[in-house]
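J.: So you can see what is in the structure, the chains are spelled out below.
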Amino acid sequence: MENYDLVIIGGGPAGLAAAISAKDNGIDNILIIERDKELGGILNQCIHNGFGLHTFKEELTGPEYASRYIDMALERKIPYKLNTMVMDISEDKTVTAMNHEDGMFEIKAKAIILAMGCRERSRGALNIPGYRPAGIYSAGTAQRLVNMEGYMPGKEVVILGSGDIGLIMARRMTLEGAKVKVVAELMPYSGGLKRNIVQCLNDFDIPLKLSHTVVDIEGKERVKAVTIAQVGPDRKPIPGTEERYTCDTLLLSCGLIPENELSRGAGVKMSPVTSGPIVNESLETNIEGVFACGNVLHVHDLVDYVSQEAATAGKNAAAYIKGERSNSGEKEIPITCEGGVRYTVPSSLRPALMDEKLTVRFRVGDVYKGKALCLYYNDKLILKKKRPVMAPGEMEQLDLKKEDLLNTPDLSKVTIRIEEA
Amino acid sequence: MYDAVIIGAGVIGSAIARELSRFDLNICVIEKDEDVCNGTSKANSAIIHAGFDAVPGTLKARFNVLGNRMMDTISKELDIPFKRCGSLVTCLKGQDRSELEKLLKRGEENGVTGLKILNRDEILEIEPGVSDEVEFALFAPTGGIVCPFNMTIAYAENAFTNGVNFMLNTEVTNITKENDHYKINTLNHEDGNKDVLETKLVINAAGVYADKLNNMVSERKLHITARKGEYLLLDKEAGSTVSHTIFQLPGVMGKGVLVTPTVHGNLLVGPTATDIEDKEGVNTTAEGLERVSKMSGLSVKNVPLRQVITSFAGLRAHEDSDDFIIGEAPDAKGFINVAGIESPGLSSAPSIGVYVSELVEEMLKPNKKADFNPIRKGILNPETLTLEERNKLIKEKPAYGNIICRCEMVTEGEIIDAITRPLGARSLDAIKRRTRAGMGRCQAGFCSPRSMEILQRETGMSIYKIGKNGPGSEFVVGKNKEI
Chain A
1 MENYDLVIIG GGPAGLAAAI SAKDNGIDNI LIIERDKELG GILNQCIHNG
51 FGLHTFKEEL TGPEYASRYI DMALERKIPY KLNTMVMDIS EDKTVTAMNH
101 EDGMFEIKAK AIILAMGCRE RSRGALNIPG YRPAGIYSAG TAQRLVNMEG
151 YMPGKEVVIL GSGDIGLIMA RRMTLEGAKV KVVAELMPYS GGLKRNIVQC
201 LNDFDIPLKL SHTVVDIEGK ERVKAVTIAQ VGPDRKPIPG TEERYTCDTL
251 LLSCGLIPEN ELSRGAGVKM SPVTSGPIVN ESLETNIEGV FACGNVLHVH
301 DLVDYVSQEA ATAGKNAAAY IKGERSNSGE KEIPITCEGG VRYTVPSSLR
351 PALMDEKLTV RFRVGDVYKG KALCLYYNDK LILKKKRPVM APGEMEQLDL
401 KKEDLLNTPD LSKVTIRIEE A
Chain B
1 MYDAVIIGAG VIGSAIAREL SRFDLNICVI EKDEDVCNGT SKANSAIIHA
51 GFDAVPGTLK ARFNVLGNRM MDTISKELDI PFKRCGSLVT CLKGQDRSEL
101 EKLLKRGEEN GVTGLKILNR DEILEIEPGV SDEVEFALFA PTGGIVCPFN
151 MTIAYAENAF TNGVNFMLNT EVTNITKEND HYKINTLNHE DGNKDVLETK
201 LVINAAGVYA DKLNNMVSER KLHITARKGE YLLLDKEAGS TVSHTIFQLP
251 GVMGKGVLVT PTVHGNLLVG PTATDIEDKE GVNTTAEGLE RVSKMSGLSV
301 KNVPLRQVIT SFAGLRAHED SDDFIIGEAP DAKGFINVAG IESPGLSSAP
351 SIGVYVSELV EEMLKPNKKA DFNPIRKGIL NPETLTLEER NKLIKEKPAY
401 GNIICRCEMV TEGEIIDAIT RPLGARSLDA IKRRTRAGMG RCQAGFCSPR
451 SMEILQRETG MSIYKIGKNG PGSEFVVGKN KEI
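Here the protein sequences line up with chains A and B, keeping their order.
First residue of the first sequence: 1, per my numbering; consecutive thereafter.
First residue of the second sequence: 1, per my numbering; consecutive thereafter.
This is chain A alone, in the form it adopts within the complex:
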């Protein structure tokens, strides 16, 4: 069995940034395991621009953003294996993987970083009634066909869900000659970024119907038509509001699900809200030395934040491997979310083990206008930040200072809450 200090599962943006950061923090014996035929992950099929505004202060395409990180990894000569599937992770950090050159093999790791990303919610999971013909694709599958294989999956398109990939694909399919007839969104607000609504729908006169869902799919061999209907506050279709669209394609962009089958197999505890591992300030799971970052931890909007988060995980994994983190039973302070904040990552912290600053990321459960984000240490208000608009589709973040936390006597909880401004 081969031994590595650090095994990183996934060579997408999270895995790459984690590897680079671990290397820069003194770890040499690293292996990145990637299931696809190249590094870069899903960015390789995201050929639109808008990546890297925070990290590089310029607008890059997905492959360009990925290639910057790939180059950094190559410069550092970080080892990686492509076309390699991790089959199992055990609680003692033995990784079983397989590829066509090495066969099935086991690796023992001192630390593991989970960076497997996420998958799209399928039609079946959405329980959309109707026939099951060809022509129903998740937006990401369509994106791969168009951007990587060069094939059009259809000519006349209806999109369900206003997640970012769906919005991007509405524009992409239009530019490639298809007619996108409508985007239906179950919720009364979009699941995607505001800028994508403007640039991908409004600029191409594609209607967005909020509080609508698909209630029927017609076509026995190939999609022939899709019926959408308005939904009430209970998200159930309102009879009489049905509208039928003839089309040959239905794209689904109804949410992303972190891919945590391996994590669960290893015994990593999951958050029912994010479907990702529960982590502390070091982005470490309940299993010591197993860290998580990127979309496997919680679904992000911007890759820049994935890279930042992954760099933190890489740095902490390096400290763990080097034995620099005295884990002397430091108490974990819970970060609780209230009043519309759905979750936080991390969900607990140990001030003594923090960097000077800890970025806590979270999402809100509804659209909030003119409210404020409030941060409490115990019951003491530390920060009140006015936010003109907050929406579920846009991740929020607050920075917590180590000094403040350490200076709070008897700190027992940190609370983030939405309040009146």
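Be a bit skeptical, because a hint or two may be false.
As the list claims (entries may be wrong) - Derived EDC-like pairs: lysine to aspartate or glutamate, alpha-carbon spacing no greater than 20 Å straight-line: (1) B:Lys397 with A:Asp102; (2) B:Lys368 with B:Glu77; (3) B:Lys200 with B:Glu361; (4) B:Lys479 with A:Glu243; (5) A:Lys37 with B:Glu453; (6) A:Lys220 with B:Asp275; (7) A:Lys269 with B:Glu237; (8) A:Lys220 with B:Glu77; (9) A:Lys413 with A:Glu356; (10) B:Lys465 with A:Glu221; (11) B:Lys479 with A:Asp88; (12) A:Lys380 with A:Glu420; (13) B:Lys395 with A:Asp102; (14) B:Lys479 with A:Glu149; (15) A:Lys179 with B:Glu482; (16) B:Lys236 with A:Glu261; (17) B:Lys236 with A:Glu420; (18) A:Lys224 with B:Asp278; (19) B:Lys481 with A:Glu261; (20) B:Lys392 with A:Glu101; (21) B:Lys395 with A:Glu221.
As the list claims (entries may be wrong) - Stretch by stretch, here's where chain B covers chain A in the computed footprint (C-beta under 8 Å, at least three residues): (22) 98-105; (23) 123-130; (24) 139-145; (25) 149-158; (26) 175-189; (27) 220-232.
Claimed, not checked - Here's a subset of chain A near chain B, in silico, CB distances under 10 Å, partners left out: (28) Pro79; (29) Asn83; (30) Ile257; (31) Glu419.
No lab work stands behind these hints, which were simulated from the structure alone.
Computed from a predicted model, the values in this text were never measured in an experiment.
Beta carbons are placed, not taken as given, at the ideal position from N, Cα and C, and that holds for glycine.
Since chain A is already given, all that's left is putting chain B on it; use the hints.
T.: The following block gives chain B in isolation, referenced to the frame of chain A:
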């Protein structure tokens, strides 16, 4: 001139074909769809019933019990996953326990062994997943679960290997009797070609269309109603919710739904029963899925409905007489009906196959083939190998080291096998039924472009011909900017 033409390559047609392939006969199976196992056989409860449900004396009762008993041998010979997990018919608080006794008596009359009524404590010992409302249950240890795709495909492959000809994508448009034989007009769905086949015998195993074919040659008209059943399939994480097939006694909410593990480790919930006009009406409905969701909770506690990965509907071929119709049409010599094969059809397929082949043997008096091979090897599942064996395989055939379907961990080697073996897959659904690629929680989101690529490479098919399930279901419509 064929000795026998079997119309329909579902589990019944395929089982008959396999049993007939023991004889020195010239046999052809005609199937309107692009693959075997594309109708009722692919969308059902995947259950091998014990046989207590059917009324004693009916063909359903007879063939169910016989078929159930044959399953151990058949599953070994044909290398198909089959498990006698046992079944429970649950009787809820307020329901009539005597109904269970009726079933028990009926089952014993039918020849079902091991039936027993259990009280709540006894039930909890073997099945802790039942709901708090369950008071009694009829336990049938011989009940089982099977992969209906594998079963049908295995029968068809074994028939093919033993010399049976299969014509796929071929619809029967007319049948006429000519003196001592039949003429069958066909239409090929791929190239639009029309053809005429001649055969001594016709075996009508056309599922929901069996009435249409019978009525072309016989004055004793049949009438088959498509009875739709809707199902929910849950993720493997939900697969251990129950370890037996859990049926419900009919109650105030009508006929119950079953909750069962599948041989592949998923959880299956359903079906509904709705009579419909359209014999291709396999659409699911909001009401149907809602009903299945609600009803499942009556007998089983905490069915994790959040883990539904897909829903589907199948059509049962319900004949007005309410029993299987098996035998020569009274006024059409040489035309053998195997019609009205609704539940317990899958369970009965092995014994129906043998019975129909005996009918044919009597009529044609054929010789037995000396070289009949009853053994069919399934697609190798590398997960059944030891680490050493697996690595040896990957060394010899590196494709077994490439995972294509991440959810079900299906390798490229298995997909190539599915494409290149007898009656090989020519569509993504056909690959899916043979290997499970695309059948997992992401429902082919990741693997479909790769499976398309492999299918294209292995068969030389044009990418524009590659579809979900045959002509008309193609995935891509053109190159970028060229549509």
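J.: Taking the hints in turn, state whether each one holds.
T.: Hint check results:
1. For the given pair, Lys397 (chain B) sits about 12 Å from Asp102 (chain A) by alpha-carbon distance, which is consistent with the 20 Å threshold.
2. Only pairs whose Cα atoms come within 20 Å are accepted, and Lys368 (chain B) paired with Glu77 (chain B) is accepted, the gap being roughly 19 Å.
3. For the proposed pair Lys200 (chain B) and Glu361 (chain B), the alpha carbon gap of about 13 Å is at most 20 Å, so the pair holds.
4. Of the supplied pair hints, the one linking Lys479 (chain B) and Glu243 (chain A) is violated, its CA atoms being roughly 30 Å apart against a limit of 20 Å.
5. Only pairs whose Cα atoms come within 20 Å are accepted, and Lys37 (chain A) paired with Glu453 (chain B) is accepted, the gap being roughly 14 Å.
6. For the suggested pair Lys220 (chain A) and Asp275 (chain B), the alpha carbons sit about 19 Å apart, so the restraint of at most 20 Å is met.
7. Only pairs whose Cα atoms come within 20 Å are accepted, and Lys269 (chain A) paired with Glu237 (chain B) is accepted, the gap being roughly 15 Å.
8. Taking the CA atoms of Lys220 (chain A) and Glu77 (chain B), the gap is near 35 Å; set against the 20 Å cutoff, the hint is violated.
9. With a C-alpha separation of about 18 Å, the suggested pairing of Lys413 (chain A) with Glu356 (chain A) holds against the 20 Å cut-off.
10. A distance of roughly 13 Å separates the Cα atoms of Lys465 (chain B) and Glu221 (chain A); the hinted pair therefore holds under the 20 Å criterion.
11. For the hint linking Lys479 (chain B) to Asp88 (chain A), the alpha-carbon distance of about 39 Å lies beyond 20 Å, and the restraint is violated.
12. At most 20 Å may separate the alpha-carbon atoms for a hinted pair to count; Lys380 (chain A) and Glu420 (chain A) meet this at roughly 17 Å.
13. Only pairs whose Cα atoms come within 20 Å are accepted, and Lys395 (chain B) paired with Asp102 (chain A) is accepted, the gap being roughly 8 Å.
14. Restraint check for Lys479 (chain B) and Glu149 (chain A): the C-alpha separation of about 9 Å stays at or below 20 Å, so the hint holds.
15. A hinted pair counts as satisfied when its Cα atoms are at most 20 Å apart, and Lys179 (chain A) with Glu482 (chain B) qualifies at roughly 13 Å.
16. In summary, the hint linking Lys236 (chain B) to Glu261 (chain A) is supported, as the alpha carbons are separated by about 11 Å, within the 20 Å threshold.
17. Of the supplied pair hints, the one linking Lys236 (chain B) and Glu420 (chain A) is violated, its CA atoms being roughly 45 Å apart against a limit of 20 Å.
18. The suggested pairing of Lys224 (chain A) with Asp278 (chain B) holds, with an alpha-carbon distance near 17 Å, which does not exceed 20 Å.
19. At roughly 38 Å between alpha-carbon atoms, Lys481 (chain B) and Glu261 (chain A) are farther apart than 20 Å, so this suggested pair is violated.
20. Of the supplied pair hints, the one linking Lys392 (chain B) and Glu101 (chain A) holds, its CA atoms being roughly 11 Å apart against a limit of 20 Å.
21. For the hint linking Lys395 (chain B) to Glu221 (chain A), the alpha-carbon distance of about 40 Å lies beyond 20 Å, and the restraint is violated.
22. Counting residues of the region 98-105 of chain A whose beta carbon lies closer than 8 Å to any beta carbon of chain B gives 7, which meets the minimum of three for the stated coverage.
23. Judged by the Cβ-Cβ criterion of 8 Å, the region 123-130 of chain A is covered by chain B as claimed, because 6 of its residues qualify and three suffice.
24. Coverage of a stretch by a chain is defined here by at least three residues with a beta carbon nearer than 8 Å to that chain's beta carbons; for the region 139-145 of chain A and chain B the count is 4, and the condition holds.
25. Here's how the region 149-158 of chain A fares: 7 of its residues keep a CB closer than 8 Å to some CB of chain B, so the rule of at least three is met and the hint holds.
26. Counting residues of the region 175-189 of chain A whose beta-carbon sits less than 8 Å from any beta-carbon of chain B gives 3, enough to reach three: the coverage restraint holds.
27. Counting residues of the region 220-232 of chain A whose beta carbon lies closer than 8 Å to any beta carbon of chain B gives 3, which reaches the threshold of three, so the coverage claim holds.
28. With a cut of 10 Å, the hint placing Pro79 (chain A) at the interface with chain B is violated, because the nearest CB-to-CB distance is about 19 Å.
29. Because the closest C-beta pair between Asn83 (chain A) and chain B is about 6 Å apart, less than 10 Å, the hint holds.
30. Hint status for Ile257 (chain A) relative to chain B: holds, with the closest Cβ pair at about 8 Å, below 10 Å.
31. Interface hint at Glu419 (chain A): violated, since its Cβ lies 32 Å from the closest Cβ of chain B, which is beyond the 10 Å cut-off.
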